[in-house]
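Chemist: The primary structure of each chain is shown beneath.
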Amino acid sequence: MFKLTRILARNATVANLTGARNLRPRLYANAAALNEKEQTLTAANPDEPIDIANPYKKDRQLCILCKHNITPHYKNVKLLSQFQSPYTGRIYGRHITGLCKRKQEDVEKAILRAQHCLMMPGHHKDLDFLHDPKLFDPEKPVRPHKY
Amino acid sequence: MPSYELALVLRQLPRPELISVIKRTAEAIFDKGGIIRKFENLGTRALPFKVSEHGVVHREATHFTITFDTAPTKLSDLKEEFGRDIDIIRRYIFKVEEPEDYECTLHEEMLPPAYRKDVQELIDIAKRKQKPKYNYNSGLDYYPFQK
Amino acid sequence: MLRAGCQLFNPSTVAAAKTGSNNFALEFVRWRRKPRWLPVAKSKVFRVPERKKQSEEERTELMRLHNNYKTQLRSVRQYLREEVVRQQETSTADHIVFTPEQEEAEFQRCLEVNAAWNAQIAKEREVRLAKEREEKVAYIQERIEAGKLRAEEQRERADQRIRHEIEQSKTFITRDNLDAAIETALANPVDHNYALDLEGNMLRGRTTQSLTS
Chain D
1 MFKLTRILAR NATVANLTGA RNLRPRLYAN AAALNEKEQT LTAANPDEPI
51 DIANPYKKDR QLCILCKHNI TPHYKNVKLL SQFQSPYTGR IYGRHITGLC
101 KRKQEDVEKA ILRAQHCLMM PGHHKDLDFL HDPKLFDPEK PVRPHKY
Chain W
1 MPSYELALVL RQLPRPELIS VIKRTAEAIF DKGGIIRKFE NLGTRALPFK
51 VSEHGVVHRE ATHFTITFDT APTKLSDLKE EFGRDIDIIR RYIFKVEEPE
101 DYECTLHEEM LPPAYRKDVQ ELIDIAKRKQ KPKYNYNSGL DYYPFQK
Chain X
1 MLRAGCQLFN PSTVAAAKTG SNNFALEFVR WRRKPRWLPV AKSKVFRVPE
51 RKKQSEEERT ELMRLHNNYK TQLRSVRQYL REEVVRQQET STADHIVFTP
101 EQEEAEFQRC LEVNAAWNAQ IAKEREVRLA KEREEKVAYI QERIEAGKLR
151 AEEQRERADQ RIRHEIEQSK TFITRDNLDA AIETALANPV DHNYALDLEG
201 NMLRGRTTQS LTS
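Sequence lines, in order, name chains D, W and X. Okay, so the first sequence: first residue is 1 according to the working numbering, each after it adds one. Okay, so the second sequence: first residue is 1 according to the working numbering, each after it adds one. Okay, so the third sequence: first residue is 1 according to the working numbering, each after it adds one.
It is worth saying that the hints were derived from the structure and are not from the lab. Careful: at least some of the hints might be erroneous.
Each computed SDA-like pair below joins lysine to any residue, with the alpha-carbon atoms no more than 25 angstroms apart [stated by the list, open to error]: (1) D/125 - W/52; (2) W/79 - W/95; (3) W/50 - D/118; (4) D/67 - W/105; (5) D/134 - W/105; (6) D/101 - W/122; (7) W/95 - X/163; (8) D/58 - W/114; (9) W/95 - W/77.
For reference, chain D alone in the conformation it holds in the complex (with noise of 0.2 angstroms):
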């Protein structure tokens, strides 16, 4: 039972501190513009619900290739061999790769393009790639694992 409080009490800080960085100046904003609206419209009745945004609405999500606006290409096999498995080669799902789907798509298309060109081994990594650096964790998928 303490426990349970103690983690519900750590949760509601969090939220607090992350909150009150985002949000704070958003709604002083929307606030003050609304407080002068409703003096000349709606003076009558003052109990109304304003009408503001959602305060809480979270910013859009992008994956890392749209966020930098890159396009796999079939050439450039050091960026494709990120998205394989250093242990038996294969290509990542979208639920590891975090990328959006149409992006999974042309990581896919490209890979297999370099491997048909001889550019890219198709069952294990290249080992000059071995040391590049990890864009997810393939133990921590987006979505769970199918098995």
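Fit chains W and X to the given chain D structure using the hints.
Modeler: This is chains W and X only, laid out in the frame that chain D set:
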């Protein structure tokens, strides 16, 4: 005439012969009424796996691309001609694609299932396939149709 | 179940069943019948069913009764039919009876009303058709303008493309500079490789391991 990219994988050869191979392919494109825009040498490197082509096992090769314009009807002739060349291990012709405007859809894909458009469409289809069902709380104390 | 039926199907129990003392057994007697799809039993193939003879008296009597019945019913039917016809001719229950002059006047009045309606609808139609015509003219005009604009844009784009290609054609490789182009290409290998990290930094080069090196 659309632009194409010819990705060649050439056998390991001394430089004069390499030049003659490339010249041969370029001449073939010229003979078919094509225009060559660019040559690109992607380097000589060990292949990711051994490849047996024209009765010889290859372990090293030169990657070379030629960007050219030609009529789409000539492509099969060109492929056939390059396929007969024993110095060419692989030849692939890809269309050079213009980059098109694309909006990242990751945000929509990460929504909970009930808010995703494709899931909503699936639900609609399922609803359309359901038979009309008698509403049991319609005030009648019997089932009005034949069972 | 079947076995129970077999046991029950001996003459003595069937006789008992037919008295209606046991419903259970009755059902089984029915169930034990030969199914419809089995052929006629061999012992019954050549059996000719006996046909009861009718005596002459009986036949004539039945014929007389039959004829009587038919005749009576026919007369009743005819009577009813005639009655309906008579009713229709004489009754004025469902319509108003006019003299020929009145009928003519009524017809003329109907014609006038019809003509008035037609005139009114024609007026409305004229207005509507005129409006539709105007709209159609405006629509076609608009489409023509849009088409012209589109064609202009397309020509502009094509011109731009052609200018760009002409500009590009200076760098095209021809038979004359083929050797030189191949030499320069072989002398300058191109490397398109780069890796990405989470901050969006690009590690250019195939064997580059970190940004500093």
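Chemist: Run every hint past the structure and note whether it holds.
Modeler: Going down the list of hints, with the structure as the test:
Pair hint residue 125 of chain D plus residue 52 of chain W holds up; C-alpha atoms about 22 angstroms apart against a cutoff of 25 angstroms. Restraint check: the Cα-Cα separation between residue 79 of chain W and residue 95 of chain W comes to about 14 angstroms, which is no more than 25 angstroms; the hinted pair holds. Simply put, residue 50 of chain W and residue 118 of chain D have alpha-carbon atoms about 10 angstroms apart, close enough for the 25 angstroms limit, and the pair holds. Distance check on the hinted pair: residue 67 of chain D and residue 105 of chain W sit about 12 angstroms apart at the alpha-carbon level, within 25 angstroms; holds.
Of the pairs offered as hints, the one joining residue 134 of chain D and residue 105 of chain W holds, with about 23 angstroms between alpha carbons and a cut-off of 25 angstroms not exceeded. A distance of roughly 18 angstroms separates the Cα atoms of residue 101 of chain D and residue 122 of chain W; the hinted pair therefore holds under the 25 angstroms criterion. Taken as a hint, the residue 95 of chain W and residue 163 of chain X pair is honoured in the structure, with Cα atoms around 22 angstroms apart against an allowance of 25 angstroms. For the proposed pair residue 58 of chain D and residue 114 of chain W, the alpha carbon gap of about 18 angstroms is at most 25 angstroms, so the pair holds.
Of the supplied pair hints, the one linking residue 95 of chain W and residue 77 of chain W holds, its CA atoms being roughly 16 angstroms apart against a limit of 25 angstroms.
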